[in-house]
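Undergrad: Listed here are the chains, written in short residue letters.
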Amino acid sequence: MAANTSILRRPLAPTGIWAWMTTVDHKRIGILYGVTAFFFFMLGGMEALIMRAQLASAESTLVSAATFNALFTMHGTTMVFMVVMPSGAAFFNFLVPLMIGARDVAFPRLNAFSYWLFLFGAILMNFSFFMNAFPDMGWFGYAPLTSNEFSISNSTDYWVLGLLVMGIGTTAAGFNFVVTILNMRAPGMTLMRMPVFVWMTLIVAFLIIFAFPPLTIALTFLLFDRFFDTNFFVDIGAGSDPLLWQHLFWIFGHPEVYILILPAMGIVSDVLPTFTRKPLFGYTMVVFAGVVIGFLGFGVWVHHMFVTGLGPWANAAFAATTMAIAVPTGVKIFNWLATLYGGSIIFKTPMLFALGFLSMFMLGGLSGVMHAVTAVDSQQSDTYFIVAHFHYVLFGGAIFGLTSGIYYWFPKISGKMLSEPIGKLHFWLMFIGFNLTFMPMHILGVIGMPRRIYTYAEDMGFEPLNQIVSGGSLIIALAIVVFTFNIARSVRQGEPAGDNPWGAPTLEWSIPSPPHHYNFPVIPTVRSQYPLWDENANVVLPPALPAHNEPIMPDPSYWPIMLAFAITMVAGGLIIWQGHAIAGLTVISSMGLLGMRSIFGWVLEPMEDEAHVSAHH
Amino acid sequence: MWAFLGSDVLFFGTLIATHLVYRGQSVSGPTEGILDIPVTSLSTFVLLMSSLAMVLALSGLQRGKMGEARFWLAATALLGSVFVGFQMYEFAEFANEGLTPRTNLFGSTFLIMTGFHGTHVVIGIFWLWSLFFSTFNGKIHQGNSLEVEIAGLYWHFVDIVWIVIFGVVYLVGAYGAEEHVHEATHSAAAIFGLG
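Chains A and B are the protein sequences, given in the same order. Just so you know, we're using our numbering here: the first sequence kicks off at 1 and counts up by one. Just so you know, we're using our numbering here: the second sequence kicks off at 618 and counts up by one.
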């Protein structure tokens with residue numbers, strides 16, 4: 001039998017560490033993404049707190065300039081690639097199949113593979129800390145800071161390889177969700193009946209598969225520059241041009257911004273109707289605004305480069321597209337406001353965070369569109385104004401939206417309610433702490449404080465505002481402690497949630513909390529955008545199926561984690577190779593072989609273990 | 618699969634764009650003059666024929682003629698291998714004449730771009746042989762010809778990318794860059810502050 005052809009027996013136990021390491025269940029993978037992202041959120045948060053401690057007083061000597069460089073580089077890289085993106089992925093994984101009435105994603109093992117690549121890539125990059133080579137050239141890695149000449153240790157190598165490994169996983173996840181959403185929908189779940197969150201996932205998946213290739217190529221060029229002495233980005237004398245890196249990075253980097261924010265927009269678009277008790281205003285407009293954002297997102301990258309002196313043509317064209325992309329975003333904001341108008345608003349914690357998103361993201365959007373004016377942009381580039389702007393978008397926008405999603409769907413994920421009073425305390429601490437931290441940064445930027453400086457002189461007048469900022473960051477830290485307590489408390493002794501604690505309208509609330517491993521006892525037929533609110537189209541599903549009648553789900557597999565491990569170790573082997581050629585080549589070749597073995601094991605393995613299937617019947 | 622190919626277009630698009638932007642910027646070492654158009658035309662022809670073989674393989678399988686399907690699958694893979702052989706010969710020749718990725722910008726962009734393409738061809742060859750052997754143990758049969766069709770999509774795509782590289786890099790490169798092509802890429806590059 002096929003099961004016997006693999007070295008390892010197929011892991012079929014339902015619980016325990018092996019079950020989690022070999023799982024292909026989209027719900028478990030979603031939880032893994034979420035927990036991992038939260039861990040890195042704490043890590044990135046610590047980095048931020050150390051920076052704020054350093055900047056709290058003028059001419060502080062808490063950390064050195066070099067350490068500070070490493071801190072802001074890894075804070076940015078961690079928060080973008082290891083926190084906000086995987087948090088989005090956690091929601092995609094857990095929710096999309098439940099929302100479209102499917103039993104799993106299209107490619108369950110590929111899904112597991114994406115997660116393990118993300119985890120191992122993140123570990124590889126952070127491993128640099130223990131090798132005393134923490135990346136320190138800024139999260140967008142501008143040439144020539146990344147060259148062998150200016151980045152002598154392996155720090156940039158860890159950064160490049162970590163991003164490449166994570167990028168493979170992310171791209172694979174992009175394909176997976178495009179195919180899942182287009183092909184796995186339940187009968188009657190037409191595209192225009194999908195929850196807005198699913199729509200935003202679809203757009204993000206497309207953005208990923210079109211934005212990551214340029215990044216991959218740019219990183220590959222950089223890899224060759226560093227490992228094989230090519231000359232893509234550094235030596236102007238030899239004809240190359242450091243600006244090319246900026247172009248390639250931001251062609252990826254701006255769609256990336258929408259990869260980060262669209263999941264939060266989707267979450268809020270589904271939370272608002274539930275807590276206003278009325279359908280989303282202008283569903284079609286919200287969906288199409290998302291699509292337009294997706295397209296325009298590829299045409300605005302030069303606004304990150306206005307001060308590089310590209311000349312009036314590029315600046316004018318990209319100023320226009322940057323102003324244009326504010327239009328669909330504005331459309332969404334007005335639709336959300338119109339959803340609130342006349343609704344019976346219920347102020348539960350998810351709703352508070354959704355409203356926090358709405359107000360804070362709007363401020364971030366307003367300070368963002370100011371940069372479409374190149375003259376203003378030149379004034380504000382590389383000041384704390386920029387830092388304030390993107391934290392309003394990424395923290396006030398993405399993190400508030402994602403937190404709203406956690407409070408909203410935690411009952412579905414765990415079967416337990418989170419505490420409302422503690423949740424409200426969390427919200428208010430976070431909201432106040434957030435504004436104390438980032439609002440003064442606008443002013444600091446305007447009065448001339450540059451970003452990425454590790455200290456400042458006393459007579460510059462930056463100190464009072466910096467003290468407020470640092471105080472605010474402590475309040476955010478306190479809010480996170482409260483949040484962690486809330487989760488821990490509910491996991492142990494939360495109120496049982498029931499199927500649909502919020503009276504929500506979408507398909508995932510029609511099944512028990514937490515859902516069966518096969519999601520839906522029978523695949524529902526959908527006849528409405530809000531099936532649980534629509535009396536004529538309501539979905540009533542039978543209770544759990546008897547065990548002998550359960551649908552056969554894909555069985556767990558070792559191969560995704562093995563292949564991800566092999567790929568990561570090949571990348572690690574490249575770094576070893578720089579110091580010890582023989583050891584490096586040994587690692588690369590042995591891990592390459594393991595990778596090949598894993599690919600063949602993967603391809604030749606049937607979806608369900610045959611012994612398992614026959615035992616079933 | 619279509620989504621994957623769309624993504625791959627961006628992948629090669631970035632590589633080719635970088636090559637074009639850096640065209641004529643090399644300050645030393647051999648550049649486009651080194652390209653051997655007759656030899657590469659031959660290898661291009663071989664790759665094109667492999668696409669024909671791929672079509673015939675799929676058509677054989679769809680009609681349930683396993684013998685035909687196997688013959689043409691093997692033919693596709695072999696023609697692909699011949700193409701890779703040509704490319705290895707070409708790279709070796711270039712190395713003899715002193716062009717490696719670290720020689721100059723032309724070397725870096727050209728060799729990494731065509732190297733990536735060659736890697737795609739090699740992956741395709743592995744894929745084709747896997748399908749070939751799977752026809753013997755019954756895993757590939759008339760009923761799941763979609764498996765072969767998907768591999769075919771990939772193979773034709775890799776082929777089309779080569780046509781673009783051959784046209785834009787080899788022909789434009791070797792025949793002295795019709796002025797307007799040259800100007801167009803450079804004025805585009807100038808708008809973005811490159812070159």
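Keep in mind the hints are simulated off the structure, nothing from the lab. Careful: at least some of the hints might be erroneous.
[To be verified] Here's a subset of chain B near chain A, in silico, CB distances under 8 angstroms, partners left out:
hint : residue
1    : T635
2    : S643
3    : P647
4    : I808
Beta carbons are placed, not taken as given, at the ideal position from N, Cα and C, and that holds for glycine.
Undergrad: Each hint should be assessed against the structure and marked as holding or not.
TA: Verification of the supplied hints:
1. T635: holds (7 angstroms)
2. S643: holds (6 angstroms)
3. P647: violated (14 angstroms)
4. I808: Since the shortest Cβ distance to chain A is 5 angstroms, the answer is holds.
Hint compliance for this structure: hint 3 alone is broken.
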